[in-house]
Each structure stands twice: as structure tokens, then as C-alpha cells.
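Spelled out from the first residue to the last, the chains are:
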Amino acid sequence: MATTEQFRALFDPQGVVVVGASTHPGKFGFVALHNILANGYAGRVFATNREAAPVLGVDTVPSLDDIPAGEAELAFVCTPAATNADVLRAAADKGIRAAFLASAGYGEAGEEGRRAQDELVALAESLGILVVGPNGQGVVSTPSSLCAQIVAPYPPAGRIGVASQSGNFVSSFMNYACATGVGISRAVSAGNAAMVGVTDFLGFYAEDPETDVALAYVEGIVDGRRFFREISAAAERMPVVLVKGGATTGGQRAAASHTGSLATDDRVFDGMCRQAGVIRAHSISEAFDVAATFATQPAPRGNRVAVVTTAGGWGVVTADAIAGTDLELLAIPDDLIAALDVELPPRWSRNNPIDLAGGETKDTIPAVLAIVARHPDVDAIVLLGMGIQSNQGRMESDGPFFPEWGLDRITAFHDRQDHRYTTVAAELSDELGKPVLVATELAVTFPDNAAVRGTVDAGRLCYPSSDRAVSSLARMWERARWQARRHG
Amino acid sequence: MPTPSPDSGSITLSEADSKALLGRFGVPLAEERLARDPDDAVVAADELGYPVVAKLNGDLIAHKTERGLVRLHLGDADSVRAAARELLSAATPADGDVQVLVAPMLRGNRELIAGLSEDPQFGMTVMVGIGGIFAEALADVAIRLVPIERVDADEMIDELRTQALLGPFRGEPPVDRERLAEALLGLSRAATATPELVSADLNPLIVVAGVPIAVDALVEVRA
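As you go down the protein sequences, you meet chains A and B in turn. To convert, note that position 44 of the first sequence is 44 in the working numbering; the numbers rise steadily by one, no gaps. To convert, note that position 102 of the second sequence is 102 in the working numbering; the numbers rise steadily by one, no gaps.
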């Protein structure tokens, strides 16, 4: 079992050494050093290379024995499996507390590899070194600007902690972080999980002040009861969003009892997640949406949702989406109607969805949002139809008439307004502790749209569709209800 | 001698023994009597009230329905006596020691299923689902790892998709969720207290005036 101190050495090392740095830009030992140097890591960086050839401006040394003691806490190991026992011993001598092994040729490579892996773990335990991997892609930690991995990208900083049995899904989650601006605190690929697996990392994230929500991908589980115990402990302290690969395999087992034939692998796994308070997502994109929602929205205190929209159709389908979840479309109370009557023209919907019906003046949207958000019956808001005006402004500023005919002034005005609307949405959400989710496909089409920027600048996810906003909110409510039922 | 299961090192207890085991932990079971002979069966039926069902019971008898060893809708003493006589004479030497199990004929439009089963990865689990002839086609079930707490049991019931079947239904009151949750907690307690238990089926639990009552139970234990 790894210690918190070892995890600190992994995620926030005082210095890093790349073992097996290569002069060949196609090799892991080159890419890993490149990624550490290129993303702003502030600690000392050492590298070993058999010929002591300089790599990327770093003067390498032939062996770990040649680096100063006490100057590095993390070793990123790219050397062949056969040499790694010596690497670990030398690393321990230099005060290194954690080693990430990108090296292949272990448990994934048959019986001999498995034996080598077991021996390596036993050695690491005796040396007091945390071994992560082997056969993993690396570790990322934005509080330390650390990008110790053999793949891209490096994500924006944020509050999501990623742990995955598949290194490629770490990359997928970080690509989503780059796309949406909702950032990552820590990310690690467990590789063969020889010494520590996904739930060990979740245990650290649950204690980590830099991490608010865990995002995990798992495939095989070795010890189900241990997995349940550890993931329950993590989920007790923070939201845990989990995707399981291979959910449909296994299927129904031959069983003597009716209960046994109904209790398929996947249903048992699903029940285990619900019991533990773990939010199980069914796709990588859903998992990121939900984790990003936990990371950027306050938890809902109830399930009554108000939909605020500048046009009818969006509101209607969003109401349909809400009906398919445990959320409730708020039955709009009379005092809220009366308050909105003051702000809106008589043709507004006078119902939920709150359709502004194009009746907006300059300050209508912020005023309506404030009235709705402050109403005690409203637990959450889904806001639709932002960014339309600035999208028209884009066409005008790209067109042949710009900046004549007053186009410069009007496009600047709409940009300011749309940015302001979604900024106000985030401010009200923060102030009142209620989720306010902005959804528009402009998040994908034109991510620099002012309404999208207002949302992203506030550190929030701009949902590319209202159904994704609704289902993410529903998963937040699932978690809030799980907690309320257990802890009041 | 209980029935050895063909595919594992486990044995299936008789219906009466299965019920005795689960009943100790608060699993709701139909009241019933074991009768040695037809006259005994009539005494039992008189006490329980008509109509009743009669089944042949014994450690080696697992598939009663397939063998026609169940008699339903017995409305008076004569039909109970006749049924008991038939059942006892249908027993073969291979069935070993047998009795007639007499229980009230419970009626309800809804059937649920509940039970315990051992998952190869996660160990003992408890399950509740919509029962009846469509149980496996609907596969509307909720599962948790044993042991469960009251809140887990409540959430299992809430998780079933066919909530309309748990509300007021065809003139019957809604399913008593408290009693159903208690049944699941009883199963969980039985599993915790009985390490040799491999599986348990309550199939069906008939919903009688809103109250779920198991009319058949089968427990499998390690040999």
C-alpha cells in the first residue's frame, strides 16, 4: 500500500529524472523528457543516457549513480525491463520515492513478464519506492506543471483527478479538457497496476486538496470486495465518476437459481456502483461531461429545474429531456410569474420553460436570470439560446460590409452582451450555490463565441447540447440524493 | 439427505427447511404446516383457513411443479384429504422421507422475486425484481452487495423501472415498501449469518393486499 508521501513524490516531485533519455525523437525516452521540459515544470530535471549524449539541452549522465542525492523525487523510467531492478536500487539510493515505469515487457508479456513484475514490486516495497505502471503512459499534475508522459496533450489546470487502466483514455479525458477548458488536477495511467491500481489513486485524490472530483476508467477487477471497499471510501469523500469497459461481456451465467440467472455481471457491477455512491457513466464523453459538471457547478439541493430560453423549440425538447430523468420541471409558481411579468412582454410563455419570446431589452436576460435563480423553489437552471446575436455578429464582421453601416458598433455590443449574460449566469450560480448550466452547440461550432467564452472564462463547461446538460445535472442530483439519504 | 446440485458442491434444502432458515431472519413467509398424513393435513387446513395449497415436501424434492407435486385451490376438508393422499402416493422411494406442506392459498395480482446469489467477483449479492412469468424477459431487477442497510433496500425498490406495478394496482393497494425493504434486509442478514449459503430464491413473493409474502423458497448451501 502506497503512502501519501509517495503519492506526493509522484504528483508534486521536487525534481525529476528521466531514466533512459534518448537522442532519437521517436523514442519514449526522448518524448518523456520533451514533455516534461516543454510544459513548464519548475523543479530540476535530470536525465540518464548510456552514452551521456545531451538531449534537448539537458546534460545527461550515464547512470542514476551520477545524479546528486536528494535532488529528485520522481524517476520516469523508459529503460528495458531487464535493467529496471538496478534502476530502482540506484533510485532509492538517491532519495527517489516514486517511479513511473513506461517500460513494457512485464505482466502484459506472458508468464516470464509476470514473474519479472512480481519481483519488481517486491523489490520496490523493500526499497520504499512507489512503482506506477509498468507499461503505462505517464503522469500529469497541473499544480506542479508536470507533464511526465509519452503522449499528448497537457491539459489546462482544474479540479478533476483522472485515474485509468487505459492510458489512451487518460489522453481522451485530457483532450476533452483541452476542448472545453474544464481542467485537470492530476492524471495517471495505471498501466499494469503492478503495485497500485485505480482505486489507490482515488484514495489519494479523496485526500488531495487540489482535486474535487475523480474520473476513472476500469476494465478488469481483480478483487471485487476490495474494489468496493476502496471506491466506497473514496466516494464517501468526493464525487467519483466511473466508466467500465467490457460492460456487456460476461452476460448471463448459467445459474441454478432464478436470482443467479438475473444477477448478471453488469447488473451486479451497476448495483455495486449505486451502493458505493459512485456515478457510473456509460461512455467516455458522458463521463467527462459529468465529471466536469461536478468540478464546476455547486451541488443541487433539490431536483426542480427551471429552463430559461430565448426561443421556444429549445425549451420544449429540454423539458422532454428532463422528463426522462429524476429531475423535475418546476411547476412555475404564481409569484415567479408575477415577478417575470414585470420584466417581459405579455407574450412570454408564462410557464416553464421560461421562454423570453424575443422580448429582451439590454438588461432583460440578467434581470430574468436573477429573479429565477433567487426564487426558493428553483434548484437549478438550464440556460439556452445564448450567443445567437454574437454569432450573427461574426457573419457581419467576416462579411464584405464590415465595419461600415454601424456593423463595428453592433457586433461589439452583442459580443459584450452575450459575454455578460453567461458571466452573470455563473456569478448567480456561485452566489446562490445553485447549478446554472449553459447549453449551446456554439460551444463546438464557434468556441470563441462570446456567450461560450463567458461560460468558459467563468471556469465552467459550456454544454454542446441541452440533453447533455440535463443528463449531467441528473447525475449530480443522483449523487446529491445519495448523500442526503445517508447523511441528511 | 438434501438434494445435491448437479453442477457444484452445493445442496438444495427442502422447501420447509429453506423457509425455516430464512424465516429466522425476518423474511416474510406464508404461514404453513407440515403434515405427516391426510388427516394431519386436514387439521392443518382447518387451522389455516380455506382455500389452501398442498405440496409434497422432502429434502430430495426440488422441482415440485414439474413433477405435478403441487395442488392449488383446495376449498374444503375433503379436497385436502384427497390431495394429500395423492401427493403422498406419488412419492417414490428415491424421494426419501416426505411430508405434505399445507399453506393458505394466497391471492394477489402481482408477483415479485427476491433472493441471494454469489457473484464470482463481488461475493454475495441480494436482489429484488418484478416477478411472475415475465420476470426473466423484463429483467427488471436491482442488486446490491451483502450486507445492505435500510437505505440501500429503499433505493433498490426505487430503482425498479416498473414503478407502476408497485403503486395502487387493479383495486389493490400499493406495495408496502417498508415490508418489502424488511424482506431484503432479512435476506441480507440470513446471508451474513450463514456463511455456507450459496443462493436463495423467494419466487414468487405474492403481493397480498399490498404486503409481499413469499410462498416458495429455495436455499442452496455448500455441501
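By construction, these hints were calculated from the structure, which means they are not laboratory data. Don't take every hint at face value.
Unchecked claim - Negatives, chain A to chain B, calculated, CB over 12 Å:
1) R50
2) V58
3) T83
4) A233
5) S257
6) S261
7) T264
8) V268
9) G271
10) Q275
11) P298
12) D363
13) R409
14) T423
As the list claims (entries may be wrong) - So the derived label-pair ranges between C-beta atoms look like this:
15) B:A223 to A:D320: 52 to 60 Å
16) A:G220 to B:R67: 54 to 62 Å
17) B:F169 to A:D320: 24 to 32 Å
Every residue, glycine too, gets a C-beta built ideally from N, C-alpha and C.
Structure-based check of all given hints:
1. Non-interface call for R50 of chain A relative to chain B: holds, since the shortest CB-CB distance, roughly 45 Å, exceeds 12 Å.
2. Non-interface call for V58 of chain A relative to chain B: holds, since the shortest CB-CB distance, roughly 46 Å, exceeds 12 Å.
3. The beta carbon of T83 of chain A sits about 36 Å from the closest Cβ of chain B, which is more than 12 Å, so the claim that it is off the interface holds.
4. Distance to chain B confirms A233 of chain A as a non-interface residue, since its nearest Cβ pair spans about 14 Å, more than 12 Å.
5. Annotated as non-interface, S257 of chain A brings its C-beta within 12 Å of a C-beta of chain B; the closest such distance is 4 Å.
6. At roughly 7 Å from the closest C-beta of chain B, the C-beta of S261 of chain A falls inside 12 Å, breaking its exclusion from the interface.
7. The claim that T264 of chain A lies off the interface is violated: its Cβ sits roughly 8 Å from the closest Cβ of chain B, which falls inside the 12 Å cut-off.
8. At roughly 5 Å, the least C-beta separation between V268 of chain A and chain B is not larger than 12 Å, which violates its mark as non-interface.
9. Here G271 of chain A does not stay apart from chain B, with its beta-carbon only about 4 Å from theirs, under the 12 Å limit.
10. With a least CB separation of 5 Å from chain B, Q275 of chain A falls inside the 12 Å interface cut-off, contrary to its annotation.
11. For P298 of chain A, the non-interface assignment is confirmed: its Cβ lies about 24 Å from the closest Cβ of chain B, beyond the 12 Å cut-off.
12. Even its closest Cβ contact with chain B, about 43 Å, leaves D363 of chain A beyond 12 Å, as expected for a residue assigned away from the interface.
13. With a closest Cβ-Cβ approach of about 56 Å to chain B, R409 of chain A is found to remain outside the 12 Å limit, as its non-interface label requires.
14. Its beta-carbon lying about 38 Å from the closest one in chain B, T423 of chain A satisfies the requirement of being farther than 12 Å from that chain.
15. The supplied range of 52 to 60 Å is met by A223 of chain B and D320 of chain A, whose beta-carbon atoms lie about 55 Å from each other.
16. Take G220 of chain A and R67 of chain B: their Cβ atoms lie about 43 Å apart, and the range 54 to 62 Å is violated.
17. A hinted range of 24 to 32 Å holds for the C-beta pair F169 of chain B and D320 of chain A, which are about 27 Å apart.
Taken one by one, the earlier hints fail for this structure at numbers 5, 6, 7, 8, 9, 10 and 16, listed in ascending order.
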